[in-house]
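Visitor: What follows is each chain in one-letter form.
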Amino acid sequence: MLLTYDAFREAVEDDDRRRSLLFEDDHPRYVLFAQQFSRVDLVRLSASATAIRRMDRHRDGVGFLRSILSGKRVLNLFAQPSTRTNESFVAAAEKVGATVRVVSDLRTSSFAKGETVEDSVRTLSSFYDLLVSRHPDDDFATRAAWALRRSRRPIPVVSAGSGKSEHPTQALLDVYTLQYSFAERGGLDGKRVLLVGDIGRNRAARSLALLLTRFEVRRLDVACFPGHGPDPALVQALERARIELVTHDSLPKAVQTLGKELDAVYVTRLQQEWDTGAGKLGTSEDFVLAWDLRHHLREDCVIMHPLPRVNELPDEWEAHPGFVVWRQVRNGMWMRAALLADIHGATDEIMARARRLGVA
Amino acid sequence: MLLTYDAFREAVEDDDRRRSLLFEDDHPRYVLFAQQFSRVDLVRLSASATAIRRMDRHRDGVGFLRSILSGKRVLNLFAQPSTRTNESFVAAAEKVGATVRVVSDLRTSSFAKGETVEDSVRTLSSFYDLLVSRHPDDDFATRAAWALRRSRRPIPVVSAGSGKSEHPTQALLDVYTLQYSFAERGGLDGKRVLLVGDIGRNRAARSLALLLTRFEVRRLDVACFPGHGPDPALVQALERARIELVTHDSLPKAVQTLGKELDAVYVTRLQQEWDTGAGKLGTSEDFVLAWDLRHHLREDCVIMHPLPRVNELPDEWEAHPGFVVWRQVRNGMWMRAALLADIHGATDEIMARARRLGVA
Amino acid sequence: MLLTYDAFREAVEDDDRRRSLLFEDDHPRYVLFAQQFSRVDLVRLSASATAIRRMDRHRDGVGFLRSILSGKRVLNLFAQPSTRTNESFVAAAEKVGATVRVVSDLRTSSFAKGETVEDSVRTLSSFYDLLVSRHPDDDFATRAAWALRRSRRPIPVVSAGSGKSEHPTQALLDVYTLQYSFAERGGLDGKRVLLVGDIGRNRAARSLALLLTRFEVRRLDVACFPGHGPDPALVQALERARIELVTHDSLPKAVQTLGKELDAVYVTRLQQEWDTGAGKLGTSEDFVLAWDLRHHLREDCVIMHPLPRVNELPDEWEAHPGFVVWRQVRNGMWMRAALLADIHGATDEIMARARRLGVA
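Residue numbers (the numbering used here), protein chains in the order written: chain A, 458 to 817; chain B, 458 to 817; chain C, 458 to 817.
By construction, these hints were calculated from the structure, which means they are not laboratory data. Each statement offered as a hint is correct.
Cut-off 25 angstroms, straight-line C-alpha distance, at most; resulting in silico cross-link-like pairs (SDA-like, lysine to any residue):
{"#": "1", "chain 1": "C", "residue 1": "Lys-570", "chain 2": "A", "residue 2": "Pro-683"}
{"#": "2", "chain 1": "B", "residue 1": "Lys-710", "chain 2": "B", "residue 2": "Gly-779"}
{"#": "3", "chain 1": "A", "residue 1": "Lys-710", "chain 2": "A", "residue 2": "Gly-686"}
{"#": "4", "chain 1": "B", "residue 1": "Lys-529", "chain 2": "C", "residue 2": "Met-808"}
{"#": "5", "chain 1": "B", "residue 1": "Lys-570", "chain 2": "C", "residue 2": "Gly-620"}
{"#": "6", "chain 1": "A", "residue 1": "Lys-570", "chain 2": "A", "residue 2": "Asp-595"}
{"#": "7", "chain 1": "C", "residue 1": "Lys-621", "chain 2": "C", "residue 2": "Tyr-462"}
{"#": "8", "chain 1": "B", "residue 1": "Lys-570", "chain 2": "C", "residue 2": "His-685"}
{"#": "9", "chain 1": "B", "residue 1": "Lys-717", "chain 2": "B", "residue 2": "Arg-649"}
{"#": "10", "chain 1": "A", "residue 1": "Lys-570", "chain 2": "B", "residue 2": "Arg-787"}
{"#": "11", "chain 1": "C", "residue 1": "Lys-710", "chain 2": "C", "residue 2": "Ala-776"}
{"#": "12", "chain 1": "C", "residue 1": "Lys-529", "chain 2": "B", "residue 2": "Ser-527"}
{"#": "13", "chain 1": "B", "residue 1": "Lys-529", "chain 2": "C", "residue 2": "Gly-518"}
{"#": "14", "chain 1": "A", "residue 1": "Lys-621", "chain 2": "A", "residue 2": "Ala-464"}
{"#": "15", "chain 1": "C", "residue 1": "Lys-570", "chain 2": "A", "residue 2": "Ala-747"}
{"#": "16", "chain 1": "B", "residue 1": "Lys-529", "chain 2": "A", "residue 2": "Val-559"}
{"#": "17", "chain 1": "B", "residue 1": "Lys-529", "chain 2": "C", "residue 2": "Gly-520"}
{"#": "18", "chain 1": "B", "residue 1": "Lys-570", "chain 2": "C", "residue 2": "Glu-742"}
{"#": "19", "chain 1": "A", "residue 1": "Lys-621", "chain 2": "A", "residue 2": "Leu-702"}
{"#": "20", "chain 1": "C", "residue 1": "Lys-570", "chain 2": "A", "residue 2": "Phe-780"}
{"#": "21", "chain 1": "C", "residue 1": "Lys-621", "chain 2": "B", "residue 2": "Glu-572"}
{"#": "22", "chain 1": "A", "residue 1": "Lys-529", "chain 2": "C", "residue 2": "Gly-520"}
{"#": "23", "chain 1": "C", "residue 1": "Lys-529", "chain 2": "A", "residue 2": "Met-808"}
{"#": "24", "chain 1": "A", "residue 1": "Lys-529", "chain 2": "B", "residue 2": "Arg-530"}
{"#": "25", "chain 1": "A", "residue 1": "Lys-717", "chain 2": "A", "residue 2": "Asp-757"}
{"#": "26", "chain 1": "C", "residue 1": "Lys-570", "chain 2": "A", "residue 2": "Trp-748"}
{"#": "27", "chain 1": "B", "residue 1": "Lys-717", "chain 2": "B", "residue 2": "Trp-774"}
{"#": "28", "chain 1": "C", "residue 1": "Lys-529", "chain 2": "A", "residue 2": "Val-560"}
{"#": "29", "chain 1": "B", "residue 1": "Lys-529", "chain 2": "C", "residue 2": "Gly-528"}
{"#": "30", "chain 1": "A", "residue 1": "Lys-621", "chain 2": "A", "residue 2": "Gly-686"}
{"#": "31", "chain 1": "A", "residue 1": "Lys-710", "chain 2": "A", "residue 2": "Pro-683"}
{"#": "32", "chain 1": "C", "residue 1": "Lys-570", "chain 2": "A", "residue 2": "Asp-772"}
{"#": "33", "chain 1": "A", "residue 1": "Lys-529", "chain 2": "A", "residue 2": "Arg-787"}
{"#": "34", "chain 1": "B", "residue 1": "Lys-570", "chain 2": "C", "residue 2": "Val-767"}
{"#": "35", "chain 1": "C", "residue 1": "Lys-529", "chain 2": "A", "residue 2": "Val-519"}
{"#": "36", "chain 1": "A", "residue 1": "Lys-570", "chain 2": "B", "residue 2": "Gln-537"}
{"#": "37", "chain 1": "B", "residue 1": "Lys-717", "chain 2": "B", "residue 2": "Thr-704"}
{"#": "38", "chain 1": "B", "residue 1": "Lys-570", "chain 2": "C", "residue 2": "Asp-594"}
Since the model is a prediction, treat every value here as computed from it, not as a measurement.
Please model the entire structure based on the sequences and the hints provided.
Guide: Structure, rendered in structure tokens:
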């Protein structure tokens with residue numbers, strides 16, 4: 458059944474219809490939205506990420522991991538530069554044995570000669586077994602998935618960030634980091650998270666908020682830059698999940714008010730690259746997590762940031778027991794490795810081997 | 458015996474003298490021109506490409522393939538951007554076990570510091586076992602082959618396109634696709650092919666025409682853009698091979714005239730990037746293979762295009778049984794893998810293993 | 458013990474204190490300066506480089522070599538373009554089984570978003586096991602080493618050239634080439650070397666001079682471009698090592714004077730890229746090793762050049778028995794492979810295997 462692009466797009470944006478298009482035999486084939494993942498998916502992926510991380514320390518484990526996607530070739534098509542996400546995907550793919558090539562400058566491809574995006578993507582994909590796509594257009598990854606799905610070589614597609622709205626693997630790694638941090642405190646259910654920054658435009662914060670609806674979270678606190686609160690779609694999604702949304706207009710005030718009740722503070726930077734005429738980089742003190750604020754927080758309050766940071770999360774926080782920012786970076790690699798393996802239906806195999814090696 | 462560059466160039470352009478310089482023990486060492494290959498070479502390479510393609514589907518086959526050039530390091534020196542050809546070579550080399558590095562921006566090398574081309578090529582080549590070269594200069598690959606041949610590490614050189622005239626591996630993949638498409642109809646001998654476009658400047662079309670002289674082709678039809686007919690050297694080569702050259706001034710008229718007699722139509726785009734002051738991209742309807750024209754053609758008429766395409770081969774053709782454009786793309790990878798293996802004298806080994814695996 | 462950057466920098470620049478910071482269990486962990494290596498280090502690394510070079514010719518040897526750093530991932534962070542050094546490091550790392558990624562355009566990373574250098578380096582390093590750094594700033598590699606040393610993943614750092622002053626691996630390969638060339642003449646001790654060019658700004662020449670202090674060299678001749686003699690620190694280091702420094706103001710005159718006494722002539726080019734308003738490339742004849750000068754030199758006088766060259770070492774020298782310029786290029790790869798292995802404490806293993814294969 459060949460859908461038109463518009464019909465495909467409408468279907469994958471519909472909570473009830475997307476799974477049949479984006480998943481196959483209950484594992485993902487096209488990874489376009491954070492919210493395409495169910496709680497079961499998130500738990501499975503997190504367990505696999507931990508298994509992979511632990512196996513990577515064993516010589517036997519390393520050899521097994523590299524056999525998982527051995528011979529598979531991954532194309533990172535990064536039209537929008539992002540060294541950080543790119544390197545994370547490359548490392549992830551190599552950990553599970555795939556080889557990766559990065560194509561970043563589409564001007565050197567045939568787009569410039571009048572070729573359609575569909576032809577370019579199909580041509581490049583001819584040489585690969587999986588496409589990781591990063592693009593400034595909101596619907597590039599969706600369009601690539603649609604074009605490839607119609608072709609005779611319908612390879613999987615993973616969005617590594619499309620436009621301002623979607624960054625599904627960032628949300629996966631953040632959920633994983635939270636679950637991991639709360640492992641001895643019953644997991645994410647019932648936890649209280651404060652998201653800071655530009656919730657409407659920061660893909661990381663927005664996607665994380667959407668994934669929190671998969672857990673028994675009753676309330677979400679957000680401290681938003683003026684004029685950058687949650688968008689209507691996000692508000693609606695939280696309402697449907699019966700999560701109370703509480704908005705604060707200052708981070709210090711929010712921390713002072715919520716204090717020891719907070720289980721995690723997720724700080725982000727002001728996304729100034731989207732603004733025209735932006736002044737100097739950095740965030741006003743209303744949205745800086747000053748080191749002094751630690752006195753209001755619990756010692757085990759988790760401190761996260763998707764990076765890069767400017768001034769909003771000072772260096773001193775490295776000394777705080779809950780500071781997991783560098784762990785987030787590494788978790789991105791483990792979670793993406795788990796995702797690539799899951800796409801190929803290898804998660805059961807990973808968990809079985811991890812149990813045998815005693816690290817599951 | 459150290460030839461000067463001019464003597465080397467003259468010798469390799471001479472049909473009678475080139476083989477002793479470009480081949481070694483009857484397998485190619487320097488791949489500079491489509492016309493350096495004999496019919497025997499073409500048949501051997503095509504059989505190997507098919508064997509490689511089939512083995513790539515078997516787990517045992519994949520392991521064997523990756524052992525062929527294991528430990529070899531390939532340098533793709535692409536001074537002229539071409540993501541498509543580059544990725545095809547990278548995939549080909551990796552399929553047979555080599556590792557590949559791409560150097561595309563020669564400005565970051567030492568050319569800018571006053572170094573000669575010969576020094577730059579020799580320095581870079583010091584770290585590699587084979588050079589794949591793409592360059593806007595007509596004689597870059599030939600000059601690189603000459604310089605390396607004189608050195609103490611005379612690694613093989615493969616041209617991936619030099620200037621406007623040579624693109625030997627594109628011609629190899631096109632011949633392979635034709636032979637493959639005609640496999641059950643007696644191969645290329647006696648077939649009637651219509652080449653469309655800028656025969657003088659389109660390296661793909663031009664090189665393919667030269668290779669058709671290796672088969673029992675009696676007649677070649679070309680539909681040429683005005684002012685862009687075959688160049689004198691090509692006309693002469695066809696004459697020597699006793700191939701009647703028939704020129705048409707419109708693709709629709711040619712198709713209407715030749716109709717069911719045609720075994721293949723090879724469409725190309727107008728090479729506007731060579732023109733100064735080119736207007737909008739695209740081809741006038743005189744050289745578009747409109748979908749309506751299918752009624753004049755046989756169902757099994759092969760439809761090819763080297764890509765990228767603009768408007769000259771509309772999307773509807775994907776539904777035609779003879780449409781093999783995406784197969785061409787994949788065939789490029791298989792043929793280049795066969796070529797890299799052949800350069801290393803591995804073709805016998807490939808055919809023997811393919812027979813043992815039952816896929817030869 | 459967490460040092461401030463200034464304290465770290467001061468310590469590593471001090472001949473007596475640096476070893477405890479840059480080495481671990483007597484193998485290097487941070488490679489920042491040529492002069493951090495002792496004679497014992499240089500002899501060990503040279504022997505290992507030779508063993509690796511010889512093993513690379515054996516099928517068994519190749520397999521062993523690739524097992525040494527198997528699974529390790531190397532990041533070449535090359536903010537300053539240098540295809541030559543970059544490719545040498547990539548080849549070296551791959552020879553000993555590591556995989557390498559090159560990040561060259563830091564503008565595509567998050568520096569542009571206001572991130573600190575420390576955050577960028579730590580983030581990128583999160584995905585890698587070793588950092589090779591090339592940067593126009595004199596202290597970039599030192600700063601990266603300091604930042605990583607403080608972190609929870611203190612991966613090794615190798616400078617591939619920082620600013621104008623340091624290029625430690627070039628010095629290692631030059632010392633190796635000299636030792637190798639003098640293998641049957643008792644090694645570097647007692648040899649007489651003439652360094653030509655911009656001793657103050659040419660990192661290669663300067664670092665080599667510093668390493669000569671590790672051998673029983675009594676006298677060092679330098680033929681310097683006007684105004685580009687040795688800097689005070691170099692003069693002082695030579696004095697401390699009791700090496701007599703003899704300065705010449707013309708290469709031809711130096712060769713005519715020293716003649717058959719010379720064991721090696723190390724030619725370099727004028728570093729015009731550092732000059733503003735530089736005229737045409739090339740060196741005046743006062744610093745060109747004209748082919749006629751060969752009559753003054755011994756047949757076994759070693760002729761070296763770090764490349765790229767402009768006009769200062771004419772092509773005819775290729776025919777001279779002592780011309781080892783292309784061997785220098787290959788030696789760079791072997792020496793860097795030896796260094797990467799040594800950093801991981803693998804040198805004993807390499808020498809043991811080489812003895813078993815009969816190539817030590």
